[in-house]
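Enquirer: Given the sequences, and given the hints that come with them, work out the whole structure.
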Amino acid sequence: MKERNKPILEVKGLKTLFTTKRGVSKAVDGIDFTLHKGETLGIVGESGCGKSMTSLSILRLIPSPPGKIAGGSVYFKGKDLVTMSEDEMRKIRGNEISMIFQEPMTSLNPVIPVGEQIAEALRLHQKMGKKAAWDKSVEMLKLVGIPSPEKRAKQEPFQLSGGMRQRVMIAMALACTPEILIADEPTTALDVTIQAQILELIKDLQTKIGMGVIMITHDLGVVAETCDKVAVMYAGNIVEHASTEQIFADPKHPYTQGLLNSLPKIHEDQDELITIDGSVPSPYNMPAGCRFASRCPYAEDICATHQPDLISHSEDVKVRCWKYTDKWTGKRDKEGVV
Amino acid sequence: MLMFILRRILQTIPVIIGVTFVVFFIMQLVPGDPAVLLAGEGASKETIEAIREQLGLNQPLYIQYFEYLTNVFKGDLGVSLKNSQPVLNEILVRLPITIELAFFSIIITIVLGMAAGIISAVKPYSLTDVSVMLVALLGISLPSFWFGLMLMYFFSVKLQILPVAGWDSLLHVILPAITLGAGGAAIVARMTRSSMLEVIRQDYIRTARAKGLRERIIIYKHALRNALIPVITVVGLQFGALLGGTVLVESIFAINGLGRMIVDAIRMRDLPMVQGGVLFASLIFVVVNLFVDVFYRFFNKRIELN
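Taken in sequence, the protein lines are chains A and B.
So the first sequence is numbered by full-length UniProt numbering: it starts at 1 and just counts up by one.
So the second sequence is numbered by full-length UniProt numbering: it starts at 1 and just counts up by one.
What the hints contain is simulated information worked out from the structure, not anything from laboratory work.
Just so it is clear, the structure is predicted and the values come from calculations on it, not from any experiment.
One should not assume that every hint holds.
[As the list claims (entries may be wrong)] Simulated restraints on C-beta separations:
hint : chain 1 : residue 1 : chain 2 : residue 2 : range
1    : A       : A224      : B       : T128      : 37 to 45 Å
2    : A       : G330      : B       : E198      : 54 to 62 Å
3    : A       : Q155      : B       : F154      : 50 to 58 Å
4    : B       : L2        : A       : S161      : 38 to 46 Å
5    : B       : V111      : A       : P65       : 27 to 35 Å
6    : A       : E150      : B       : R225      : 17 to 25 Å
7    : B       : V130      : A       : E200      : 50 to 58 Å
8    : A       : D269      : B       : R225      : 36 to 44 Å
9    : B       : V130      : A       : K79       : 33 to 41 Å
Glycine residues also receive a C-beta, built at the ideal position from the N, C-alpha and C atoms.
Expert: In structure tokens form, the structure reads like this:
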């Protein structure tokens, strides 16, 4: 239990900016979270909320320019990844922290046999010989459930289906038995049946290797199935952070409530899907107050002028909302009527 | 792969026959009567007629063509009207010179072009990139006859480190090969740069980075192999332009190659020589394209020949 209390990854005030002709976009604007060994953290939010940028920032893979990590720190085993040298960072990428990307169709090099794409990481990080690395990559392909792995290893990505390619990506990411796996929407591009298999596979391997997983997704179903705790992101901020049970049973932030509310309900007769009114503020022109205020049914005057902090609501729940502070007057009800 | 090469070779046969057809009939359109030219000024009508008879020039065109075609396949390209030597012999003397020149030029095109393109692409919009691309723009814009003369002026006349003209040693190859290869190198450099920049943005390059690979391996193993696919096509096309360029460069540097031979033959209305020369130039082009296709396939196994 003691081991669990010491996080293997600690993100503090991480900020990533994109400077373009249109101005400065705060893609990730001061986020904090921790990850423990063997734990799965879900980062959820809609497209453009900064969840992918968060994961790319951790591995310092932000395309630069125009992107830049502008502040904060990412502690991994006591060392700050943000300030570490590029050489040190390379030793961590693909070795101690691995990543699976959203698009299996384009994330593998089209002209290099998949076995070689797995083997090169092994040769680099584990200092394996050519033969040993190849054998291990065949073994990895077998582990992720690819039939006749010896034959498949020699093939190029175009000879493999989407599901198989994502398995190859997983095999590649796990080849060096990393301590953290970042899975950026690993199932979005796949069929539902393949989705379940891939998630099952990640969970399975997680128990075997004991790694921490950061699951980036916009799919609350994936969260419910795989995550221990969840960080909900909105417009570059974490707006709520709690255990998975807590989030589904009793969401605190109005945005989280809206998200859960918009899920189609299987037991009810529903003609129309419920949506959250309004739209996400432009990342180039963030409002001074709460970023969700313009869409929030509870918004009061203070919400429009002052940005709330991420405060501890109870032991395991953190929420970024004025509603849970003593500044709150409570003059509107759920429908927004005064 | 072997089947691919075999089928690709078979495909060149109709192309070659097509080339003989075009070569033969285009020459018929050229104004001027070779018999008149051969007989010399003031020759009698009878003499001209006799020459026509002797060369088969008064037969119907299609018969002339079929005779030409069968002779070509027998290795007989006719006799030069100028010096009565067999055309094939004249060509075979000059062909190695032109092939050597073309070989060194295409090496310059490929090596210089790709290196410049990669250097530019690795740091886009940097000072290096801008300067390299400016030089490349100059390379495309400069006419080769002027560029060749300038090289000659600086390196042979002023610095006196390279021979002015002729074709005796490897030193003689340098200036003509640079003159001929520079334009292609500039085009290949620009193509390599844009292709690399396109590839570097791809998801699989991000994957390679996420694997912890060194930048050098990312560029040369992961990016370059993909970026080369369009570049190979351009190199193949450049080779065609290069063959055309030999005509000019061989004339400037007084090299007794195939290009200069064709120009001289055209000037002399030496029909069989022109036909033979153009036929061989086309053959070289067909063979080079064959190699380009095989390379292309090697770099991109997704290509299937239907």
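Enquirer: Would you mind marking each hint as holding or not holding in the structure?
Expert: Quick rundown of the hints versus the structure:
1. A:A224 with B:T128: 37 to 45 Å: Violated: the Cβ-Cβ distance is about 52 Å, outside 37 to 45 Å.
2. A:G330 with B:E198: 54 to 62 Å: About 56 Å separates the Cβ atoms of G330 of chain A and E198 of chain B, which means 54 to 62 Å holds.
3. A:Q155 with B:F154: 50 to 58 Å: 54 Å Cβ-Cβ, so the 50 to 58 Å window holds.
4. B:L2 with A:S161: 38 to 46 Å: For L2 of chain B and S161 of chain A the Cβ distance comes to about 28 Å; the hint is violated.
5. B:V111 with A:P65: 27 to 35 Å: About 31 Å separates the Cβ atoms of V111 of chain B and P65 of chain A, which means 27 to 35 Å holds.
6. A:E150 with B:R225: 17 to 25 Å: This hint holds: roughly 24 Å between Cβ atoms.
7. B:V130 with A:E200: 50 to 58 Å: Holds, at about 52 Å.
8. A:D269 with B:R225: 36 to 44 Å: Since the Cβ atoms of D269 of chain A and R225 of chain B sit about 56 Å apart, the hinted range of 36 to 44 Å is violated.
9. B:V130 with A:K79: 33 to 41 Å: Distance hint for V130 of chain B, K79 of chain A holds at roughly 38 Å.
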